[in-house]
Amino acid sequence: MTSLVSAAEILARRILVIDDEEPNVLLLASVLEREGYRDIHCVTDPKKALDAYVSLAPDIVLLDLMMPEVDGFQLLEAFKRHDRADEFRPVLVLTADATLQARRRALAVGAKDFVVKPFDVIEVALRISNLLETRILYQRLRA
Amino acid sequence: MARGRANPLNRFWADRPLALKGLVVVALPLGILIGALVLLYFASVAESRAEDDVRRAFAIQRDTYQVHALLAEAAAGARGYALTGQERFLEPYRKAEASLPQTMVRLDGEIRDPEVRQRFERIRGLTTRKREGLARIVELSQGGASNSALIGEALSANKVVLDAMRAEIDAIQQRENVLLNQRRERVEQVRDRYLMLTAISAVVGLLGSLAAVYLFSTGIVRRVRTLEDNAERLAEGEALLPHADDADEIGRLAHRLARASALLRGREQALRESEERFRLVIDGVRDYGIFTLDSDGVVTSWNPGAERIKGWQAQEILGHHFSRFYPDETRGFLPTAMLDRARQNGTAEDEGWRVRKDGSLFWANVVITALRDENGALRGFAKITRDMTERRRSEEALRVAREEAIAASLAKSEFLSRTSHELRTPMSAILGFGQLLELDEEQFGEQHRAAITQIMKAGRHLLSLINDLLDISSIEAGGTQLSIEPLDMGEVLGEVHGLAAPIVASAGLKFELDAPAKKLVAHADRRRVIQVMLNLIANAAKYHGSGTCVRLKCRSDGAAIRIEVEDDGDGVDPAAVSRLFTPFDRLGQQNRTRLEGTGLGLALSQKLVESMGGAIGYSAPARGARFWFTIPAFAKPRRAAETAAETAPHSIVDPA
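Just so you know, the sequences run in chain order F and G. For the first sequence, my numbering gives the first residue as 1, with consecutive numbering after it. For the second sequence, my numbering gives the first residue as 1, with consecutive numbering after it.
These are computed hints drawn from the structure, not numbers from a lab. Don't be surprised by glycine CBs; every beta carbon is placed ideally from N, CA and C. There's no promise every hint is true.
[As the list claims (entries may be wrong)] Derived contacts from chain F toward chain G, CB cut-off under 7 Å, selection only:
#1 Glu-21
#2 Pro-23
#3 Leu-27
#4 Ser-30
#5 Gln-74
#6 Ala-96
#7 Lys-117
#8 Pro-118
#9 Val-121
Kindly generate the complete structure, drawing on both the sequences and the hints.
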């Protein structure tokens, strides 16, 4: 894959993982570390997710939809409210809910991509790097 | 009906029309009167003839005297002439000669009596002799005195003739006198007889007509009175008096009256029977309370069904207002409202609680119908009440059971869905980490690599199990959204062939595709159709046993498209065919460790096919196994006739 964006530039980006299930967070972190990402932040308490989002200002968010108390949809709405309109900060939704309705709803409220659990780790890694590449290109265009 | 009318004449007379009877009654005295007049006429004719006879008798007497007188004067004249020779004595002679022939002819015409006629003939002879004698005297006298002796002789002879004639004439006169007396007597007799007859006939005619009119009118009056009586009886509805079945107008009227009465009685009878039947039906109905109300709502009739349902006896409730059937909560307004509705719409229906005599409540279905006469005036109401308490109870129980069943089904689906979701989440971690290990397997030894492979294999199997469960529960909960569209089966089969080829090949089988010769278009969900085909092919690849090939077929089957997946392996144990589509009922449990599969594939396929309006089944070919399913063909009118010819009956499980 010859790319406009170098692999090092992508791997340097900050990733925020939000999932209430510890093993899933660990899995994603493992996948990302294996890929070479270094700036990885994980939140397992969905109530702290928005604070982390605001304080860390990640380049990409990996978000679980089904969580207790504050679910993914609510967070997606909150992120959208927080961000400026011209900001491109991709959210990749990961969920065990494979229904069409869940997919449509998530994409409608701002998710940029959608992966059903259990997922193929290589596919997830590829989607993450693609989204980050898009963000980097977008930022370059705006700069 | 008929009094003994043996006499055929009476019979005949009674049957004549009134006009004829009237005519006869009027004509009879009239005829008698006319007869009397005719008799009177004959009497006068006879009298005039008798008078004629009298007149003629007098004429005959006169004429005979005249003949004698003329001849006597002529003789005297002739004698005088003979003695004196003076012409003037011949005057009577000449006069006699002139008028005698006329008188004789007149006499001849008038004489009828034979005796008179006889004497007349003698007179005629004597007259001729006398005239000849006189003519001789006159002739001799003209000869002068020389003939005086002859004249004297002639004169004396002449005298004898006249005397003889005189005797004859006297005899005639005498005879005529006798005849005249006889005729006078006869005339008197005839006149008396005719007068008597006339008087008698007049009296008889008068009496007869009076009697006829009397009888006629009294007869009619009597019969008309009977008729009047019968009409009165008809009006009162009583039986009619017997009447004579005469064929005249009154008879016919009586007959019609009798017929009307019979008709009326027949109708009354029919009405009574109908009412009786109706009453029996109403009384026989036990399950419905049927009763009537007057226009104010007061109960006017009560059937045993009403008694059974509501508890009141007829005598307890008749005359009471029907609002007492309503419980306190509705008594104030509902009865009035129901009557108003029935008055306006003709009928009013309601379902609700009503009160029995003992105060207990029952759930009633009530229909109130307004009863109107032919002029549309309200006559009251009919009310039909049915005790629906039992039905309401069972309906309620049914409703609760149904709701519970639905809730249970929903809970089950929700549970399955939830469970699947909860299972997928840890599966995500297991398979994800497993995959990471697989990716880095060169770091591990042989033994660990084998363990990682086993973990992944079991994990994927578990995942497919969870996926199938999720699918089934989703279909059962009605949550699966199908995307039904026209499908070109050739294209679909090609795609399936491509997808399934590696599975079939890895099982060591040949894969044959019998693509349809012509274009077939189905109407179904593409993804689901492919899913079912792949499932069946995967089953064939897994369970064929000793087979060598798998064949995928597709053809038109009436309004459906039929897809078959066939192998030439060991086939399905006939005893197990009935359990093929049961979830988790994997055939050949002993092989479980060796063979993969969730045991949900066929059950899921069945649900998918049925949700698309098709059917799925198994049939045993000569060798191997054949699974088939149908999906609706895309309805294109111009293809319908073409495909109908290929229709073949099918069942879910064909016996081998």
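message: Are any of the numbered hints broken by this structure? If so, which, sorted upward?
response: 5
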